[in-house]
Amino acid sequence: KAGVTQTPRYLIKTRGQQVTLSCSPISGHRSVSWYQQTPGQGLQFLFEYFSETQRNKGNFPGRFSGRQFSNSRSEMNVSTLELGDSALYLCASSPALTGGNYGYTFGSGTRLTVV
Amino acid sequence: DAKTTQPNSMESNEEEPVHLPCNHSTISGTDYIHWYRQLPSQGPEYVIHGLTSNVNNRMASLAIAEDRKSSTLILHRATLRDAAVYYCILRPHNNAGNMLTFGGGTRLMVKP
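Protein chains in written order, with our numbering: chain Y, 1 to 115; chain Z, 116 to 227.
Chain Z with its partners taken away, still in its complex shape (with noise of 0.2 Å):
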């Protein structure tokens, strides 16, 4: 599977916006670009995921670069809720299988 790299944490300020960035530079086409995230204590969450254009829902957007090669994860504003570790998981679409190939991540601390 093709790796992505993450930053180890980031620091964001309550009602804030955050924007956590995942390079993949060996992305093959027919990869998707998936985003989870990890709550203390409890199992991943599905965040969002796209495969070439921006893509919006109620908890996050996502902006894929022109050549797909980086994306950034956008909190529009983050609150305490929101401290998690953030993993971009590259999931190719032909793929016989659903396996989830995890990173290190980014643990995502938010202040008051």
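Just chain Y, with the same shape it has in the complex (with noise of 0.2 Å):
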């Protein structure tokens, strides 16, 4: 079966311009998490989705926000970009929201670069 798939893949911004990015989930996985990775503060959690409600958010200011739609597509946004936001965007999606015995697909991805 499809893989998470995330477009698009490469995404060059300037400051102050807003981005949205998208995250397919594997067929029949309700739960979408988002992740900022950058060289220098590693794998960092931005919140998590179940259901078209967000059920968890990490420490990043107001800018990044999400959504989920009822075929558990998810959106993320990020308003007024910042330098400091260029990072990559990784989507994973799970089975289910609660318990510690799955284990979370990810996808490839989106390079931003916010010059």
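Among the clues, some could well be false.
[Unchecked claim] Only some residues are given here: those of chain Z computed to face chain Y with a beta carbon under 7 Å: (1) Pro155; (2) Gly158; (3) Met214.
Keep in mind that the hints were calculated from the coordinates and are not lab data.
C-beta: ideal position from N, C-alpha, C; glycine also.
Need the complex rebuilt from these two chains, each delivered in its own frame; the hints are there to steer you.
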């Protein structure tokens, strides 16, 4: 079956602009999480959605937001881009919300460069 | 979340076994031990997870200490494609969420 699909793969934006990234989870997976990866901070949790509701949020400013649609697809939005937002943004899907007995499937990510 | 400690880097020869250690002395009774790896220019990839007993799958084996304060990921025959950063993560079973807390991981280098 198809894996987690993230679009676009690469993106270049200018400071002050906003950006929307998309994630299609594995069919049947209802949970979608987003992560930011930078060389300095490593992999950091952004937020998590299940059944169209945000269930957890990481320690990021309000410029970072997301949503999930009824088909479990998710988008994340970053407004008023800053140079420090340049990163690899990763999406992960899981069949369920609770429990540690599930593995998570990651997409290949969207590489965002802010200039 | 309980923390894990891993060596920054390890080296292995191709076709030899690799043992990647992870210490998690503050693990709680409901924490699952998960391993992921990240190859260059890719997202993390699930490798294996376990709770108390040793686990095997087609990718690797997970050996869990009897007191659960440490674990070891075993790659039985390293290949060049196994060169990656390996992350050991604790996942609470009762956590109402999928958040993964990544540490620095172990960078595995495989020599031909």
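Legend entry - Violated hints - listed by number, lowest first: The structure breaks only hint 1.
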